[in-house]
Amino acid sequence: RFNFFTPAGLAVDNNPNSPYFGRIYVTESREGVTTKSGRTAQQGIYIYGADLSDITQQGLNPYVGGVSWNTSNEDSDNDENRDSMYGPARIAIDDDGSVYICDNGPSKDNTSGVWRMDPANPSANFVDVLHSSENRGKLYQRINSAAIVQENGRKYLYAVDNTCLNNSVAN
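Everything in the sequence shown is counted per the numbering used here, starting at 752 for the first residue and increasing by one.
It should be emphasised that the hints constitute simulated quantities derived from the structure, not laboratory data.
No residue lacks a Cβ here, since even glycine has one placed at the ideal position from N, Cα and C.
Treat the hints loosely; a few may be bogus.
Said to hold, decoys possible - Pairwise CB distance ranges (calculated):
| no. | residue 1 | residue 2 | range |
| --- | --- | --- | --- |
| 1 | G904 | T757 | 34 to 40 angstroms |
| 2 | N765 | A871 | 14 to 20 angstroms |
| 3 | L908 | N872 | 20 to 26 angstroms |
| 4 | K906 | N872 | 15 to 21 angstroms |
| 5 | Y907 | V784 | 36 to 42 angstroms |
| 6 | D869 | S819 | 17 to 23 angstroms |
Based on the provided sequences and hints, a complete structural model is requested.
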């Protein structure tokens, strides 16, 4: 029923107290023609209801939040084994239903980091929560995955840097 070209992330809002409980979010990380349906998939976020309905009436048009996702597998950073990173990538949901989207593309594209989508208005511009170009060579560079934890009224963002295995981190 649903055909994606290169889906990279999937998350379900499983908080029964969230007004968006049951929503399913899928990231399509590359544009391309699907083999089975011949549909042209586009980069961005697709939202479905718990019954897999098109709950936001987006049709075949993904939400992009004003972000120009990485579309090239060329990496000017010369990072080995990271030459086919496309965005958006992994996705996470906090207890309030806000959606966090990772992009692990090359820093030359200025999209690598974590973006937040407002589930009440998914067509609005995404908020830049953690942007790697501001920290080049310091704490993080290319965010592959993230988790949001809420405790005592505070939110904590845990991020996995795709480059951390090959780079030393400065204090």
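We went through each hint and held it up to the structure:
1. G904 to T757: 34 to 40 angstroms: holds (38 angstroms)
2. N765 to A871: 14 to 20 angstroms: holds (18 angstroms)
3. L908 to N872: 20 to 26 angstroms: holds (21 angstroms)
4. K906 to N872: 15 to 21 angstroms: Between K906 and N872, where Cβ atoms are some 19 angstroms apart, the hint holds.
5. Y907 to V784: 36 to 42 angstroms: Holds, since Y907 and V784 (Cβ atoms, about 40 angstroms apart) stay within the stated range.
6. D869 to S819: 17 to 23 angstroms: Hint holds: Cβ distance 19 angstroms, inside 17 to 23 angstroms.
Hint compliance for this structure: no hint is broken.
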